[in-house]
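**Q** Here's the letter readout for the chains.
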Amino acid sequence: MKKDTSHIILKTEQLSIGYKTKKAKTVIASNINIELQKGQLIGLVGANGIGKSTLLRTLIKVQPALSGSITLNTKDLESTTNLELAKQLSIVLTEPLTSKNLSVYELVALGRHPYTNWVGNLTEEDITIINNALELVNISDLKDRRCYELSDGQLQKVMIARALSQDTDVIVLDEPTTHLDMYHKAYILKLLQKLTKDTGKTILFSSHEIDLAIQLCDTMIVMRENNVVCNEPCHLITEGVFDSLFPKDLIAFDKTSGSFRVT
Amino acid sequence: MICFIVNISLGSVSIPLKSVFGSLFGSIENSTWDIIINNVRLPKAITAILVGSGLGISGLLMQTLFRNPLAGPFVLGISSGASLGVALVILGSGLFGGLFATVLISKWSIVIAASLGSLLVLLAVLAVSSKVRDTMAILIIGLMFGSITAAVVSVLAYFSSAEQLQQYIFWGFGSLSNLSWNELLIFFGIYALGIVLSIRSIKGLNSLLLGDNYAKSLGLNIKQSRIIIILATSLIAGTVTAFAGPIAFIGLAIPHLTRQIFKTSNHKVLLPAVFLFGAIVMLICDSIAQIPGSDYTLPINAITALVGAPVVIWLLVRQRKMMF
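Protein sequences, first through last, are from chains A and B.
For what it's worth, our numbering labels the leading residue of the first sequence as 1, then goes sequentially.
For what it's worth, our numbering labels the leading residue of the second sequence as 1, then goes sequentially.
Hints were generated in silico from the structure; no laboratory data involved.
Be careful, since some hints might not be right.
What the hints assert, rightly or not - Derived pair list, reagent style BS3-like, types lysine-lysine, alpha-carbon separation capped at 30 Å:
{"no.": "1", "chain 1": "A", "residue 1": "Lys11", "chain 2": "A", "residue 2": "Lys38"}
{"no.": "2", "chain 1": "A", "residue 1": "Lys25", "chain 2": "B", "residue 2": "Lys131"}
{"no.": "3", "chain 1": "B", "residue 1": "Lys223", "chain 2": "A", "residue 2": "Lys11"}
{"no.": "4", "chain 1": "A", "residue 1": "Lys38", "chain 2": "A", "residue 2": "Lys23"}
{"no.": "5", "chain 1": "A", "residue 1": "Lys61", "chain 2": "B", "residue 2": "Lys268"}
{"no.": "6", "chain 1": "A", "residue 1": "Lys248", "chain 2": "A", "residue 2": "Lys185"}
{"no.": "7", "chain 1": "A", "residue 1": "Lys25", "chain 2": "B", "residue 2": "Lys268"}
{"no.": "8", "chain 1": "A", "residue 1": "Lys100", "chain 2": "B", "residue 2": "Lys223"}
{"no.": "9", "chain 1": "B", "residue 1": "Lys223", "chain 2": "A", "residue 2": "Lys22"}
{"no.": "10", "chain 1": "A", "residue 1": "Lys194", "chain 2": "A", "residue 2": "Lys61"}
{"no.": "11", "chain 1": "A", "residue 1": "Lys143", "chain 2": "A", "residue 2": "Lys194"}
{"no.": "12", "chain 1": "A", "residue 1": "Lys87", "chain 2": "B", "residue 2": "Lys131"}
{"no.": "13", "chain 1": "A", "residue 1": "Lys23", "chain 2": "A", "residue 2": "Lys61"}
Quantities reported herein were computed from a predicted structural model and do not represent experimental measurements.
Full structure from sequences and hints, please.
**A** Laid out in structure tokens, this is it:
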């Protein structure tokens with residue numbers, strides 16, 4: 001399974017995640033050892049409350065790890081400055097935008113911030129990258145629209161374009177498919193898959209769409225009560241990882257179709 | 001520019017427009033008029049510009065920082081701090097005895113008291129805000145400090161004489177006049193420092209439009225930019241309050257007015273636009289306060305709200321949508 005380490009872009013060792021206050025330490029998950037390969041689409045799945053968002057938030061340095069290490073591009077995440085990180089990793093979160101009174105173009109252009117000068121002027125190169133990002137996500141026709149005029153599906157595409165314009169090796173998305181209908185869920189995930197192929201970026205997303213993720217992802221991270229497994233979807237199916245994902249009283253995993261069925 | 005000239009040409013002594021120009025550009029026709037123009041009206045017009053643009057900009061900074069359209073330059077307790085300082089000097093002077101009181105209540109002492117008061121409250125807010133991570137908490141802390149100082153002021157007011165109370169209320173009306181060139185220079189110096197800090201924050205402000213976490217992912221040092229933004233606001237709003245009194249409304253309304261007109265939240269557009277609008281609106285309000293052709297000058301604080309509030313209401317009703 002293990003290949004040449006130069007393919008590995010993000011790696012965690014003995015990572016323990018959770019929340020720390022002055023008095024108590026709440027460990028949500030520990031002993032996380034995952035390796036993400038360059039240019040792959042990686043899906044993170046698990047039951048509600050298992051710590052998917054906490055893991056993502058730790059990986060993007062929004063909250064500190066309790067123990068263990070995270071290595072991004074061979075450098076320890078702790079010692080990476082915010083600005084260095086901004087050039088290597090971009091994010092799409094579930095939290096709503098503070099202001100939706102920006103045009104799509106302006107919003108996508110904000111992705112260039114780590115590269116622009118102190119007042120944020122865009123160079124020719126920046127503009128090419130922004131237009132390119134709009135094109136990759138197929139929203140060039142929306143670029144003069146205001147964000148409050150957009151549907152949830154469109155806004156999600158805009159946020160992905162913004163992350164693309166940040167020109168990073170890794171893009172992390174926290175539940176990019178929530179609030180979307182079945183078609184758009186598939187559309188967004190398919191788009192992410194296409195982006196990894198076209199741009200060679202590594203894209204990590206968390207999702208509840210296990211069926212879709214099994215079909216589209218190169219690698220999946222499955223978070224369970226006791227451990228976190230990271231492998232190719234077909235291996236995970238044969239190993240029976242998905243069987244133990246949820247309590248067995250309502251739904252069961254069907255290995256032949258690769259999806260969950262009501263029992 | 002037109003507003004500037006109109007503002008200068010209006011006042012309790014009527015001076016023909018031609019002489020106004022003459023006086024501005026150095027040819028003296030009538031020495032009394034010349035003194036009025038150069039020492040009263042010109043400083044007043046400049047004060048109006050500084051006050052209007054300054055309050056507008058600090059309101060804009062606060063609204064973006066706190067992600068709250070209700071925020072204004074005074075949410076951090078700046079005006080209440082200044083009020084406390086002034087109240088202590090004017091209302092508290094009774095407690096120190098008569099002779100001392102007359103020395104205390106000079107104009108400079110009021111300016112200094114207002115500055116010290118707002119600085120003190122601001123430092124308290126800053127100290128607390130460096131401990132909390134949530135930007136919303138700072139907003140509430142600022143409002144709480146405001147309540148505390150307001151309470152202290154009302155206790156002081158309860159124990160003071162009618163004359164002292166009147167004097168305090170007059171300060172509360174706000175005033176753009178009575179600033180000498182020297183005072184204006186100090187005013188401008190501190191104001192300029194605040195504006196420079198605001199301009200430096202444009203990029204950070206734009207990324208804050210996405211939310212704190214996104215801004216951080218774009219490489220912004222949230223804590224540092226938050227302190228710079230608060231510092232800029234307090235420098236500007238603090239000096240404005242110290243020299244012109246607690247002028248309400250402008251700081252809250254101008255950013256909304258500008259957003260409605262320009263239909264954007266991009267600070268590269270908003271900052272200069274707010275600067276301009278603030279200055280223009282303040283000049284217009286001051287011209288109205290003079291009541292052209294009469295000897296009376298109305299309190300500027302009343303005029304800004306009387307003129308401005310209907311405009312903002314009208315804009316919001318017409319567009320049916322709050323831009324933020």
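**Q** With reference to the structure, classify each hint as holding or not holding.
**A** Each hint, compared with the structure:
Annotation: proposed proximity of A/Lys11 to A/Lys38 holds, straight-line Cα distance about 11 Å (limit 30 Å). A distance of roughly 20 Å separates the Cα atoms of A/Lys25 and B/Lys131; the hinted pair therefore holds under the 30 Å criterion. Restraint check for B/Lys223 and A/Lys11: satisfied, since their Cα atoms lie roughly 28 Å apart, inside the 30 Å limit. Our distance criterion of 30 Å between C-alpha atoms is broken by A/Lys38 and A/Lys23, whose separation comes to about 39 Å.
Proposed proximity of A/Lys61 and B/Lys268 is supported: the alpha carbons are some 29 Å apart, at most 30 Å. Using a Cα cut-off of 30 Å, the hinted pair A/Lys248 and A/Lys185 holds, with the two alpha carbons roughly 26 Å apart. Distance check on the hinted pair: A/Lys25 and B/Lys268 sit about 43 Å apart at the alpha-carbon level, beyond 30 Å; violated. Taking the CA atoms of A/Lys100 and B/Lys223, the gap is near 23 Å; set against the 30 Å cutoff, the hint holds.
The hinted pair formed by B/Lys223 and A/Lys22 meets the criterion: a straight-line CA distance of about 21 Å does not exceed 30 Å. Note on A/Lys194 and A/Lys61: the hinted pairing holds, with a Cα-Cα distance of about 26 Å set against a maximum of 30 Å. Only pairs whose Cα atoms come within 30 Å are accepted, and A/Lys143 paired with A/Lys194 is accepted, the gap being roughly 21 Å. With a C-alpha separation of about 29 Å, the suggested pairing of A/Lys87 with B/Lys131 holds against the 30 Å cut-off.
Between the alpha carbons of A/Lys23 and A/Lys61 the distance comes to roughly 22 Å, so the proposed pair stays at or under 30 Å and holds.
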